[in-house]
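Student: Residue numbers (UniProt numbering), protein chains in the order written: chain D, 1 to 619; chain A, 1 to 209; chain B, 1 to 360; chain C, 1 to 105.
One should not assume that every hint holds.
Unchecked claim - Calculated pairs, BS3-like style, for lysine-lysine (alpha carbon to alpha carbon, straight line, at most 27 angstroms): (1) C:K18 to A:K20; (2) A:K61 to C:K15; (3) A:K26 to A:K7; (4) D:K416 to B:K75; (5) C:K16 to A:K26; (6) C:K15 to A:K20; (7) C:K15 to A:K100; (8) B:K75 to D:K531.
No lab work stands behind these hints: they were computed from the structure.
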Amino acid sequence: MSTAYAQKNGFFAGLWDYLTTVDHKKIAILYLIAGGFFFLVGGIEAMLIRIQLIQPDNEFVSAGLYNQLLTMHGTTMIFLAAMPLIFTLMNIAVPLQIGARDVAFPFLNSLGFWLFFFGGVLLNCSWFMGGAPDAGWTAYAPLSTTSPGHGVDFYVMGLQISGAGTLIGGINFLVTIINMRAPGMTYMRMPLFTWSSLVTSVLILFAFPALTVGLFLMMFDRLFGANFFDPSMGGNHVIWEHLFWIFGHPEVYILVLPLFGLFSDIISTFSKKRLFGYSAMVFATVLIGFLGFMVWAHHMFTTGLGPVANSIFAIATMAIAVPTGIKIFNWLFTMWGGSIRMTVPMLWTVAFIPSFTLGGFGGVMLAAAAADYQYHDTYFVVAHFHYVIVGGVVFGLFAGLTYWWPKMFGTMLNEKMGKLAFWPFFVGFHLTFFIQHFLGLMGMPRRYWKFQPDQGLEIGNLVSTLGAFLMAIGTIIFLINVVMTTMKGEKVSGDPWDARTLEWSIPSPPPFYNFTQTPLVRGLDALWVEKRHGNGKMTPAEPLGDIHMPNNSFIPFMMSLGLFIAGFGFIYQVDDSSFLILAIAGMAITLLSMFVRSVKDDLGYHIHKEDLEKGAGSE
Amino acid sequence: MSAEELKQLKPGQSPHEPEKATLEGKNKFLGFWFFLGGETVLFASLFGTYLALKDSNLDGKPAEELFGLELVFIMTMILLTSSLTSVYAIYHMKNLDFQKMQLWMGITVLLGLSFLGLEIFEFYEYVHHDGHTFTSSAFGSAFYTLVGFHGAHVAFGLLWIVTLIIRNARRGLNLYNAPKYYVASLYWHFIDVVWVFIFTVVYLMGKVG
Amino acid sequence: MKGWMGKSRILLLFSSLMLFLAGCGDPQLSALQPKGEGADVIYDLMMLSVIIMVFVGVVVMAIYFFVLIRFRQKKDHEDYIPKQVEGNKFLELLWTVVPIILLVVLAVPTVQKTFMLADTTPAEDKKEDAITIEVTGKQYWWHYNYKGQEVQTSQDLYIPTGERVYLKLTAGDVIHSFWVPSVSGKMDTNPGKNENEMFLHAYEEGVYYGKCAEFCGPSHSLMDFKVIAVSPEEFDQWAEDMKNVNTDATPESQSAQEGKELFKNKNCIACHAIGSSPAAVGPNLTAFGDRVQIAGILDNNKENLIQWLQHPEEVKPGNKMTGKYGNTEAEVPLTDDEASKIADYLLQLKPSEITPEDAQ
Amino acid sequence: MARDTNSTSTEFYRKKNKEEMKYQLITFAAMIIFTLVSFGLVIGEYHPMFTIPVIILLACVQVGFQLYYFMHMNHKGHALPALFLYSGVFVAILTILAMVTIVWW
Ligand code: HEA
Ligand code: HEA
Ligand SMILES: [Cu+2]
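Bound-form chain D, shown alone (with noise of 0.2 angstroms):
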C-alpha cells in the first residue's frame, strides 16, 4: 500500500485514478468537466429558445420540442451546470482554505460526484428515449404528472439521484468545516467563502430533503398509481408547489451564497484591504440562510393562498433585501480606499455588483404581492431570475474558475483573452435580461413558445435574442483561452495573485495531501498576516510526521451506477412490468457495493515522513 502514490503513468490509469479517485482536488475538476459541459448544453437550449423567439409567430421549432427545450434548460442549468460549478469551486478551495488534508469523508465526496453524474446523465438520456420532460423546471402538478410520454419520469428519477449526491456532499462539508480546521482558524478568521459554502451546506441539508419527498411523491404518482396531485381522487397539487417551492427558494440561496462569499474573497485580494465589517458579513450570510426558508410562498401568490398569506410571505421575502445590502456596501467600502487592481476575476466580480443590484430590485419588486398578480410568470420574473443567476452565478463561477485555476492546474488563464470574454459576455448580458423586464409589463407570460404579431412584443424578443448571441461569443472565446492555456502549460507559482488566504501559501497545483505540515492560523487572513508581519510563509502547526491518506475506491461509481440502471427499470416498468428485473438488478448492485464498503476495512495508508523530506507526490 505505500507505494499507492506512485506516480501511474498511461491513459488507463489515468482514467482509472479519476474513476476512482477521493481527492478533494481531482473532484473538484470532475465536477468542472461534467458540470461545464452540462452549462454547454444549457446554452445551447438557451439559444434555441432565443431563435425560436427572434420574430412573432415562428416556427423554428415546433411546441412540444420548445417546451421540453425550457424544461431541460432550466433543470440542466440549476441542477447540473450551476450547483456542480459551485461544488467545483468548494472542492478546491474550502479544504484548502481552512488548512486540511481532505475532505472529512473523502469517499463521500467522491459519491455524491458519481451520484450527481449518473442522474444527470440519466436525465438527459430522455432526449433519445423519446423525448424529454415538458413540464417546466417546476414540474407543476397535474401537468407534469399527466405528461405523456416518459420526458418527465426522467425528470423524476434524474434529479432523485442526482439530489442524493447533493445532499451527501453537503453534509461532507459541514463536517469538513467544523472538524478539520487547522490550529488557531476559529470560526471568525474564515475565509468568507468558507463561511458562505458552510451557510450553503446548511441550506442543502433542510432544503433537500423536501425536494426527495416531492419527488418520490410524483414518482408513486407516475410510476405507481398513487394519487397524491390528482384531484380527481382527492389529491391536491398544491402540495407540490409546496413541496418543490419550500426547497427551491433556499435552492436559489444556495446558488448564489458560495459566490457571495468568493466575491468578499476577491474584492478583498484586488483591493489589498481586508473585508469591511467582516462580522456583518458573516451575520449578513447566516442572516440570509435563515430567512431564505420563510419565504417559499412568493412564488405561489397567484396560486390563491389568499391575502394574509400572501401578506405574511412578501414582508419576509422583503426582508432579505437587508442583509443583502449590507454585503453589498460592504463589497463597495472594501474597496473605498483600497488599491484596486482589475485581473479578470475583478472585472467579473466588479460587473456583477450592479448586475446582482439590478436582479435584486426586481426580486424586491416581485416580493411585493399584489404587484406579483402583473408579474408572475411573465419575462418580468424571466428577467429577474437571469440578472441573479447570470449577473450572481454564472459570473461568479467565471470569477472564481479565473481565480482558482492555477491553484487547479499550475497555470494561469491568460488575462486579455479573458476581457475578451467578459465584454461580449456581459454586453449581452445586459441586452438579453434587461428588455425582458418590458416584455413582461407589455403582456408577454413565460413559457411561451410563440408571441403574436402587432401585440408590441417584436423588438424587445429580437434586441434579446441578439443579447443570447453575445453571450455565446463571450462563452466560445473563454473556451479558447481554456484550451490555449491548457496547450501551453505555463506554470505558475503558489502565489500568481498576491492573495491573502491560506490555498494560496502551498504550491499550484497542491500536492495530493496538500499540506506537508498543517499550518499554524495566526489571523484573519492567515497568509497576509505572515506576509505582513511574518516571513511570509505559513508556520508549521506541528512537526513533519507521517501523513495518513484515505485509498482510492470504485465502490461510489458501482453504487451511483447501480442506481443509474435501476432508474430505467423503474420508469419503464410501466410499460412492461419485465423491465422491473432491471429495477431489481440496479439495486442489487447498488446495496451490494454498500454491503462491500461496509465489511470491507478501508484503513488507508500513510506518507512516510522520510518520502515527505523527498519531495513526495508534489509535482
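Using the hints, position chains A, B and C with the ligands against chain D.
Tutor: Below, chains A, B and C with the ligands alone, put in the same frame as chain D:
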C-alpha cells in the same frame, strides 16, 4: 493510527468513549447528527402531506373506522423497548464489554423484526379486508407512503445492524467499528422518534377524528 | 482602462432605449397602461417600488463609480499597502436602517393592496345585482358561466364597464392562470376544490387581450381570450339576447343549413354546445360569429375557420379536438366542402346585436 | 491515542455509566407511561379539543426524552447536533404548518 484502530478493546481499558476517540469517529458522529437533521425535514414533509390528505378517503373507510389500536399499541411497545435495548448495547460499549453489546444489539434486531412483521400484517389486513390500498384514494397513498417510509427505515436499520453484528463478531470492539455501532444506535433511536409521532398523529389522532 | 467609460455609455444607451419602449406596448395588452381598477392599483404600487429602487440604485451606483475611478491602483504604486479598515459602526448601522425604512414604506401599501384585491364580496348595496361569473380554464380555451343568468359562453368574456364583476376560477384539467394585463392582475385556476376568486373592473369600453399565464401544455402560448367591456345597458341587452337565443333557428343560406346538419353528423355537437348549457368538452359556440378571433389566435374569417376545422393540430398543437370528429380515418377529417359548409353555419351564429364593435 | 489504563479512572467511568443507565431506565418508564396515557385518552373518548393537544404534547415530551437521554443530547459536545436538529425542527414546523393551513381553501 490505522493499525492501532483495529486493536481490540477490552473491559477495563480506555477510552471510555470509543466512538469519538478518532477523528474519523468524530466526523462520523457529527455527520450523522446532521443527517438526522435532514431526515427531520424529510419526515416533516411526509407528515405534512399526510395531514393535508388524511380526509381525502373518497368512498373508502375513514381513519376512525379503519384503524384498530391493539396492534398499534403492541407495535409501539415493541419499538420503544427496542430503543431501550439499544441503549443497553451502547452502555456496554462504553464499558468496552463487546459480548454484552452484541447480545443487546441482537435483541434489538429481534424486536425490530417483530415490529416489521406486525406492520406487514397490518398492511395486509387493510388491503384485503378494508380495501384500503395505495391507489384507492389520496388518503391511501399518503398513509402508505408515510408509514411505509418509516417501515423502510426500520428494514434498512435492521440490515445495517445485522451486518455490523456479523462482520465484527470475531474481532470484537475496536476504535474503527465503535463509531459504526454508535451511529447505528442513533439511527435506531431516530426511527423510534419518528414512530412516536406516527402513532400519535396517524393512529391516535386518526381515531379521535 | 477606458472600459468604464464604455460601460456607462452602454448604460445610457440602454436607459434611453428603455424609455422609448416603455411608452409602447399594446394598449389592449400592456400592464403599463392600466384600463381597469386592478391594473391601476397595481400600477401605483409598481411605480412606488420603482421610485424606491431608483433611489437606492442611484446611491449604490454613485459610490460604485466613485470607488472604481478613485481607487484604482496607480502606476508606480504597486507596493502601496492601503489601510486595513475593519469596519465602521455608523456606516453599517446606516445601511441597515435606511433599507429597513424603505422596505416598510413599500410593505405597508403592499399589504393594503393585497387585501384590497382579495376583497371579493360585493358591497352591501350591490349584493343583489353584482355579476358573478364562473370561469373554467381548459386546455386550451376558456368557459364562462354567468351565475343566475342562464348564460354560458366561451372565449370572449363580455362584462359591463364601471362596476366590479366577480369571477370564480377553476380549471378542468391542469392549472391555468387568468390574466388580462390591462384590466387586472392574474389569478390561477386550480383543478379540484381550490376555487379562486377575483374581480374585474374595466373603466372604459374596449376589447382587452387576455392570456393564460400558467404553463399548461404545448399550446399554452395560444390560449388567448378576450374581455369585451361594454356599457352596462349594452351588457344587459347582450345578456338578454344570449338568454333568449333560439338554438333551433334555421340558418338563412342553403350552405349554412347543410352546415348545421354536418355539425350534428360529423360529431361536432358531441363536444360543442350551442345555446346556454354547462361547460362541455369543447367551447360553447353560441355567439361564434361574433368572436374576435378563432381559437383565440386567428382572425375571424372563413378561410381561417376552414384551416382550423381541417388542421387543428397545426393551429394549436396538443388541442383536445384533433381526432374526435369527422372522418377520423382520413388524413383531413372534413372535406373542403364539408368544412366550408360548417364554417358558413358557425359564422352566421350571431345571436346578439351587441358585438365587439360596440366596445369602442 | 493516550492509553490510560489507570483503573481508578475506569472505575469512575463505570460508575458514571451505571448512574446514567439508571436515568435511562427511568426515562423508559416515563415513556411507557406517556404512551399508556395517550392511548388511554383516545380509548376513553374524551373531547378531541382536549385529547389532541395533550397527546401531541406527550409525544413531544417523549421524543425529548429519547433525544436527551437515549441519544445523549444531554452530554457535552452535543451543541452542534442540537443546533442542527433544532434547525431541522424549525423547517419541519414551517412545512407542516403550511401543509395544514394553506393547502385547501
Ligand atoms: C440566485 C438566485 C436568486 C436570488 C439571489 C434571488 C433573490 C431574490 N428573489 Fe428571486 N427568483 C429566482 C432566483 C433568485 N432570486 C428564481 C430562479 C426565480 C423563479 C423561479 C421560477 O419560477 O422558475 C425567482 C423568483 C422570485 C419571485 C417569484 C416571482 C414570481 O414567480 O412571481 C420573487 C417574489 O418575491 C423573488 C424575490 C426575490 C427577492 C426579494 C430576492 C432578494 O434576495 C434580492 C435581494 C437583493 C437586493 C434587494 C439588492 C441589493 C440590496 C440593496 C442595495 C439594499 C437596499 C435595497 C432595498 C431597500 C430594496 N424571486
Ligand atoms: C443557472 C441557471 C441559468 C442560466 C445560467 C441561464 C442562462 C440563460 N438563459 Fe435561462 N432559465 C433558467 C436558468 C438559467 N438560465 C431557468 C431556471 C429557467 C426557467 C425554466 C422554466 O420555465 O421551467 C430559464 C428560462 C429561460 C428563458 C425563458 C423561456 C421561457 O419561459 O419560455 C429564456 C429565454 O430567453 C432563457 C434564456 C437564457 C439565456 C439566453 C441564457 C444565457 O446566459 C446562456 C449563456 C450560455 C451560452 C450561450 C452557452 C454558449 C455555448 C455555446 C455557444 C456552445 C459552444 C459549443 C461547443 C463548444 C460544443 N432562460
Ligand atoms: Cu424565491
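Student: Each hint needs a verdict: does it hold in this structure or not?
Tutor: The hints, checked one at a time:
With a C-alpha separation of about 20 angstroms, the suggested pair K18 (chain C) and K20 (chain A) falls inside the 27 angstroms cut-off, and the hint holds. This hinted pair does not check out: K61 (chain A) and K15 (chain C) have alpha carbons roughly 54 angstroms apart, beyond 27 angstroms. Between K26 (chain A) and K7 (chain A) the CA atoms are separated by roughly 18 angstroms; this keeps the pair inside 27 angstroms, and the hint holds. Proposed proximity of K416 (chain D) and K75 (chain B) is supported: the alpha carbons are some 19 angstroms apart, at most 27 angstroms.
Between K16 (chain C) and K26 (chain A) the alpha-carbon distance is near 22 angstroms, which keeps this suggested pair within the 27 angstroms criterion. A distance of roughly 20 angstroms separates the Cα atoms of K15 (chain C) and K20 (chain A); the hinted pair therefore holds under the 27 angstroms criterion. For the proposed pair K15 (chain C) and K100 (chain A), the alpha carbon gap of about 17 angstroms is at most 27 angstroms, so the pair holds. A threshold of 27 angstroms between alpha carbons decides the hint, and for K75 (chain B) with K531 (chain D) the separation of about 22 angstroms falls inside it, so the pair holds.
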